[in-house]
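Respectively, the protein sequence lines represent chains S, P, F and R. Per this note's numbering, residue 16 is the first one in the first sequence, and the count goes up by one each step. Per this note's numbering, residue 16 is the first one in the second sequence, and the count goes up by one each step. Per this note's numbering, residue 16 is the first one in the third sequence, and the count goes up by one each step. Per this note's numbering, residue 16 is the first one in the fourth sequence, and the count goes up by one each step.
Everything labelled a hint here was simulated from the structure, so no lab data went into it. Computed from a predicted structure; not experimentally measured. Where a beta carbon is used, it is the ideal one built from N, C-alpha and C, also for glycine. Among the hints, erroneous ones may be present.
[As the list claims (entries may be wrong)] Label pairs and their calculated CB-CB ranges:
#1 S:Thr20 to F:Ala157: 30 to 40 Å
#2 S:Lys24 to F:Thr20: 50 to 60 Å
#3 S:Glu23 to F:Asn36: 38 to 48 Å
Listed below are the residues making up each chain.
Number of protein chains: 4
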Amino acid sequence: MSAETQLEKERHEELLASFANQGFLVRLGARIVDLAVGRCLIELPFGPDVTQHHGFFHGGAVGAIADAAGGYAGMTVLADGLGALTLEYKINFVRPAAGKKIVADAQVLRAGRSVMLTRVDVYAEGQSRYLCAAMQQTIMRAQQ
Amino acid sequence: MSAETQLEKERHEELLASFANQGFLVRLGARIVDLAVGRCLIELPFGPDVTQHHGFFHGGAVGAIADAAGGYAGMTVLADGLGALTLEYKINFVRPAAGKKIVADAQVLRAGRSVMLTRVDVYAEGQSRYLCAAMQQTIMRAQQ
Amino acid sequence: MSAETQLEKERHEELLASFANQGFLVRLGARIVDLAVGRCLIELPFGPDVTQHHGFFHGGAVGAIADAAGGYAGMTVLADGLGALTLEYKINFVRPAAGKKIVADAQVLRAGRSVMLTRVDVYAEGQSRYLCAAMQQTIMRAQQ
Amino acid sequence: MSAETQLEKERHEELLASFANQGFLVRLGARIVDLAVGRCLIELPFGPDVTQHHGFFHGGAVGAIADAAGGYAGMTVLADGLGALTLEYKINFVRPAAGKKIVADAQVLRAGRSVMLTRVDVYAEGQSRYLCAAMQQTIMRAQQ
Chain S
16 MSAETQLEKE RHEELLASFA NQGFLVRLGA RIVDLAVGRC LIELPFGPDV TQHHGFFHGG
76 AVGAIADAAG GYAGMTVLAD GLGALTLEYK INFVRPAAGK KIVADAQVLR AGRSVMLTRV
136 DVYAEGQSRY LCAAMQQTIM RAQQ
Chain P
16 MSAETQLEKE RHEELLASFA NQGFLVRLGA RIVDLAVGRC LIELPFGPDV TQHHGFFHGG
76 AVGAIADAAG GYAGMTVLAD GLGALTLEYK INFVRPAAGK KIVADAQVLR AGRSVMLTRV
136 DVYAEGQSRY LCAAMQQTIM RAQQ
Chain F
16 MSAETQLEKE RHEELLASFA NQGFLVRLGA RIVDLAVGRC LIELPFGPDV TQHHGFFHGG
76 AVGAIADAAG GYAGMTVLAD GLGALTLEYK INFVRPAAGK KIVADAQVLR AGRSVMLTRV
136 DVYAEGQSRY LCAAMQQTIM RAQQ
Chain R
16 MSAETQLEKE RHEELLASFA NQGFLVRLGA RIVDLAVGRC LIELPFGPDV TQHHGFFHGG
76 AVGAIADAAG GYAGMTVLAD GLGALTLEYK INFVRPAAGK KIVADAQVLR AGRSVMLTRV
136 DVYAEGQSRY LCAAMQQTIM RAQQ
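Chain S on its own, in the form it takes in the complex (with noise of 0.2 Å):
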């Protein structure tokens, strides 16, 4: 990723906002750590509520960040006001995630009148840092 364009004070917070109010992603940890035009990170911490049977973060929990970092990045293109609604995505799951941490970075590759495509790297963080999980969503534009 080369240099970021930043987004305007106030859409910021009003989407940091939005996210606040998101009672499924709070209560699991996650949280939005950088937000620019056309891009958004969420990372997710590990702990008893995000895992599966064999103590890795759960499929759930992956895809449920990676959906939210889609949606938050194509907020930043749209205008004060204006929100997203996931149509769909496709996620693959390319390794168990362990780690200390997940981290979904999303960045939108063709932002259309009405719909926008986006795709997510979604990368587990330990020891080492590798690619978990792909996603490649559709989202639409909606009032928030």
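Using the hints, position chains P, F and R against chain S.
Frame of chain S; chains P, F and R shown alone:
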């Protein structure tokens, strides 16, 4: 769905025990409500831990129970002691999920030697019952 | 599939005429064999132009008729003069497609205001008939 | 894309020979224009056999060369004599594909023991060059 083939008691209990170890799903409140050969139903009651900012079920929760239902449907056609890993899935969100609960209804479409294909419909149930999401999922045989 | 709702004659002819303008599909040898409200069947006979290196139907040909069947199924629920654009689809190839022809059977799962969801099953037909691919597709209303 | 690792000459020729046996792709006019370890570019010139009713490249042709590019990218990381089967893919069409040709640019994201993940971007090239489609694909090692 017509007549279902009942699952052997031992495998049934093994799969319920496996599900009980899924911290992420259990803490959300999800539970398996039906298991037959090639089929699994999982339901998730409404509550503050599973919502998004408009008070609907969060897409992350919808995706998580759909993925789980597909995986457990796949495991019903495997021998005792075998599990299933999600390679990938694709989910379409077709209506906001509102109501007392959501139910993911998964069926195995094709059980290959190493890879299986499932389809999962997720319904929202309250005063009415309607399709809120549809998934197509690839899972792989694995040691549990 | 239970009873189908017949398509109005005018719309039926309009859609067949639209299909006849699809150079790519026509030259492959694909043709619409059934159209009803919310449903479309397209078949493709076997031949040297549709094969891969083992002599099976090529995945590209399988994907193309599945995509087309979903799109035309979607158009059956739209008003005269309206068309449909494929936003995206996802296809699983579950068995090599061998036989005299393949048939894509598409149904509309949900017709929203601007976006529609279809599911398409592709069968190989020869001495036996079996599922060779399964698609889930998002299409968007558009001027034809 | 930074520096590429060149493919061994023998494998390079083996893969071009395999492609030459793909009746469907060859008759469309598709050809491999670059092969490196983990990467494949396939291009398709414009013509009446690859269009839809508005004169753009048909989605079926776009999907077919994207799928092929992903598959051959995957095969570049396999040993001689090994091939790859497409398990599934998902493709988003982001703009109508117009121009003199389309080019599918595929990269291997993750090469697992039995399954590989690729991403493919398809560009339309004429007076300008722009992204027209994006694919995420799962392929499986197989005997060629």
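Of the hints given before, which are not true for this structure? none
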